[in-house]
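Same order as they appear, the protein sequences are chains A and B. Heads up, the first sequence is in numbering that gives the first Met the number 0, so the first residue is 0 and it goes up one at a time. Heads up, the second sequence is in numbering that gives the first Met the number 0, so the first residue is 0 and it goes up one at a time.
Simulated from the structure, these hints should not be mistaken for laboratory data. For glycine and all other residues, C-beta sits at the position ideal for the given N, C-alpha and C. You may find that some hints are simply not true.
What the hints assert, rightly or not - Across the chosen pairs, the derived CB separations fall in these ranges: (1) A:92 - B:124: 39 to 47 Å; (2) A:34 - B:17: 52 to 60 Å; (3) A:112 - B:59: 52 to 60 Å; (4) B:80 - A:87: 32 to 40 Å; (5) B:118 - A:69: 52 to 60 Å; (6) B:40 - A:26: 53 to 61 Å; (7) B:12 - A:61: 51 to 59 Å; (8) B:36 - A:26: 51 to 59 Å; (9) A:88 - B:118: 49 to 57 Å; (10) A:8 - B:83: 57 to 65 Å; (11) A:26 - B:121: 37 to 45 Å; (12) B:14 - A:6: 29 to 37 Å.
Spelled out from the first residue to the last, the chains are:
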Amino acid sequence: MTREWPDPKVPYEYPQQSDTNARRWRDAIALALDTGTLRLIPKGEGNDFYELVGACPRCMHTLGKEIEFNPIIGLEEKVEYNIDCNCPAAHQGRPEGESGCGWGGWIGVQLSRPS
Amino acid sequence: MTKDDDDYWAEQVTTARRTQLATVRSASKAWAAVFAGILGLFSTVTFVGGLNGLNDLAADSQTWVRWGILIAAAAMLVATVLSALASNSMPSVADSVTGGAFRDRSKKLAVRSLLFLRISMGFAMIAALMVIVGSGYIVLAPKAVSSTKPPTVVAVIDGTAYCGPLTETGGKLTVDGQAITSVTVLTEVAACP
């Protein structure tokens, strides 16, 4: 049974490889960006660095990640990013040394530079 | 992939992202070495080494090939300078030593280096194309028919010395307009006094 999101009490869970999980996370991130619960805040004087900050779509705790647009690392222009929940809040079942509620992981999410 | 693998590759992306300036500069150095190699070939193989062969071409063709040599040399020079600019940084006094400023500067330099590298590769391709086409032309083009220059001679005719090119007029050999009929001395010289 799929648990409803967001829920601050969700146990730690690393997402299983499946299209359903990928779609769920991508849709949740897109919705969070649309509604402003996640925001891309510019960093520095250049146009490429942003901080993705706001509430994890799954556990609603605060996550943060540096996002660099147009990285020169031999990848195509259309870049997907791993957006992991790295909240410090406790989640049942989380292994020692890990952070967040576990979601994000392998799922690539496309981001657009804010206009 | 397992979570460990996912974490490892995510870390590799972060590392690659943080070393992109070094990556671009390293690539530029490698390309600069390639350009230097092409330049070495350029100076030792046919196009420049074949300048002697250039003299065998017709005059019009020689002009075109000379222009080709100039364009190729200029393009290779630009490519070499740009690849050097892409692979090296000019030390400068910083107005900020914060992490954010250094990050922004590194990205700016990486973008600029990549631009220089791409332009230099374009110029190197132009130079290489000119070398290949020019060399091929020198090797394959028909050679101009060489015109034999008449020898310059001193001829003593009836006690009078005449100097000039030995030519043929009306079926008779002449020197300086004088028909050689009873010549006592005929000597080839480099030039007339």
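Comparing the hints with the structure gives:
1. A:92 - B:124: 39 to 47 Å: violated, 58 Å
2. A:34 - B:17: 52 to 60 Å: violated, 31 Å
3. A:112 - B:59: 52 to 60 Å: holds, 55 Å
4. B:80 - A:87: 32 to 40 Å: violated, 52 Å
5. B:118 - A:69: 52 to 60 Å: violated, 18 Å
6. B:40 - A:26: 53 to 61 Å: holds, 56 Å
7. B:12 - A:61: 51 to 59 Å: Given a distance of about 23 Å, which is not inside 51 to 59 Å, the answer is violated.
8. B:36 - A:26: 51 to 59 Å: holds, 52 Å
9. A:88 - B:118: 49 to 57 Å: holds, 50 Å
10. A:8 - B:83: 57 to 65 Å: holds, 60 Å
11. A:26 - B:121: 37 to 45 Å: holds, 43 Å
12. B:14 - A:6: 29 to 37 Å: Given about 34 Å between the Cβ atoms, the range holds.
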